[in-house]
Amino acid sequence: DVKVTQSSRYLVKRTGEKVFLECVQDMDHENMFWYRQDPGLGLRLIYFSYDVKMKEKGDIPEGYSVSREKKERFSLILESASTNQTSMYLCASSLPGLAYNEQFFGPGTRLTVL
Amino acid sequence: DQQVKQNSPSLSVQEGRISILNCDYTNSMFDYFLWYKKYPAEGPTFLISISSIKDKNEDGRFTVFLNKSAKHLSLHIVPSQPGDSAVYFCAASAQVQGAQKLVFGQGTRLTINP
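Protein sequence lines, in the order shown, are assigned to chains E and D. Note that this note's numbering has the first sequence beginning at 1, numbered continuously upward. Note that this note's numbering has the second sequence beginning at 1, numbered continuously upward.
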């Protein structure tokens, strides 16, 4: 059974704190993704990675960075958290390929920045 | 600019009837279109996809129709069941560095009434 796990379901941080969100997949997938979900906006891609140590900006990368030191782990970093980064964060992984390969999602981390 | 739009935030349907969810897109370069389903407190799960070279794909009770000239796709669920109550996200895919980058719509909350 495929699995994407995220380190926390709920997280509360203060403005200015450095925040790490961790994601681990056990499917040996090359591709990993970080999204945020906000009401009325759907899911928006922050960053993705197509291989270890490789990363690409998504549609809303400002204020975020990522790290992928191992194939199974993809971290999202908020260097200095701000209240407008309060959101649901979703991690996903998929196989590479020219055809569409299903992205498998984790359960999400609801982050609140006070 | 919203490249993928779901203009109906919510939809209510009687059990046993047909549910039709709609989605519009603006970018002709998308190569796949797909639907994800999301229950509360869970990550989205893949439902069905369609290649941009096809106009219909069917999987059990779920059928996706693609009208390229109108840049419109729809998801039909027949017959609708209470377990179908969820938020449905339409997404469009484009290939970037071997990864399928997804652009999501805002989501439609489907409620199936007994």
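If you are wondering where the hints come from, they were derived from the structure by calculation, not from laboratory data. A couple of the hints might just be wrong.
Covered by chain D, per the in silico footprint, the following chain E stretches (three or more residues, Cβ under 8 angstroms) [what the hints assert, rightly or not]:
#, region
1, 32 to 43
2, 51 to 62
Cut-off 16 angstroms, straight-line C-alpha distance, at most; resulting in silico cross-link-like pairs (EDC-like, lysine to aspartate or glutamate) [stated by the list, open to error]:
#, chain 1, residue 1, chain 2, residue 2
3, D, 5, E, 22
4, E, 53, E, 72
5, E, 71, E, 30
6, E, 70, E, 102
7, D, 71, D, 24
8, E, 3, E, 38
9, E, 55, E, 38
10, D, 38, E, 30
11, D, 38, E, 38
12, E, 71, E, 59
13, D, 101, E, 22
14, E, 70, E, 22
15, E, 3, D, 42
16, D, 101, E, 102
17, D, 37, E, 102
18, D, 101, E, 59
19, D, 38, D, 24
20, D, 101, E, 69
21, D, 101, E, 30
Every value quoted in this text rests on a predicted model; they were computed, and no experiment measured them. Ideal placement from N, C-alpha and C gives every residue a C-beta, glycine not left out.
**Request:** Mind checking the alpha carbons of residue 37 of chain D and residue 102 of chain E for me, to see if they're no more than 16 angstroms apart?
**Result:** Given pair residue 37 of chain D, residue 102 of chain E holds - Cα atoms ~13 angstroms apart, limit 16 angstroms.
**Request:** Sort out whether residue 30 of chain E lies within 16 angstroms of residue 71 of chain E, counting only the CA atoms.
**Result:** Status holds; Cα separation ~7 angstroms.
**Asked** Keeping to a limit of 16 angstroms between CA atoms, is the pair of residue 71 of chain E and residue 59 of chain E held or broken?
**Response** With a Cα-Cα distance of about 23 angstroms, the restraint between residue 71 of chain E and residue 59 of chain E is violated, given a limit of 16 angstroms.
**Prompt:** Does residue 42 of chain D lie within 16 angstroms of residue 3 of chain E when you go C-alpha to C-alpha?
**Reply:** 13 angstroms, holds
**Request:** Assess, step by step, whether the Cα of residue 71 of chain D is no farther than 16 angstroms from the Cα of residue 24 of chain D, and give holds or violated.
**Result:** 6 angstroms, holds
**Item:** Restraint check for residue 38 of chain D with residue 30 of chain E, where alpha carbons must lie at most 16 angstroms apart
**Value:** 24 angstroms, violated
**Asked** Does residue 38 of chain E lie within 16 angstroms of residue 55 of chain E when you go C-alpha to C-alpha?
**Response** Status violated; Cα separation ~23 angstroms.
**Prompt:** Do the alpha carbons of residue 53 of chain E and residue 72 of chain E lie within 16 angstroms of each other, as the hint requires?
**Reply:** 12 angstroms, holds
**Request:** Sort out whether residue 59 of chain E lies within 16 angstroms of residue 101 of chain D, counting only the CA atoms.
**Result:** 10 angstroms, holds
**Per-stretch coverage check for the region 32 to 43 of chain E, three Cβ contacts closer than 8 angstroms to chain D** = It holds, with 6 qualifying residues against the three required.
**Request:** Please work out if residue 101 of chain D and residue 30 of chain E have their alpha carbons no farther apart than 16 angstroms.
**Result:** 13 angstroms, holds
**Message:** With the threshold set at 16 angstroms, check whether the alpha-carbon distance from residue 101 of chain D to residue 69 of chain E stays at or below it.
**Reply:** The given pair, whose Cα atoms are some 21 angstroms apart, is violated under the 16 angstroms limit.
Checked against the numbered hints above, the structure violates hints 3, 6, 8, 9, 10, 12, 13, 19, 20; every other hint is satisfied.
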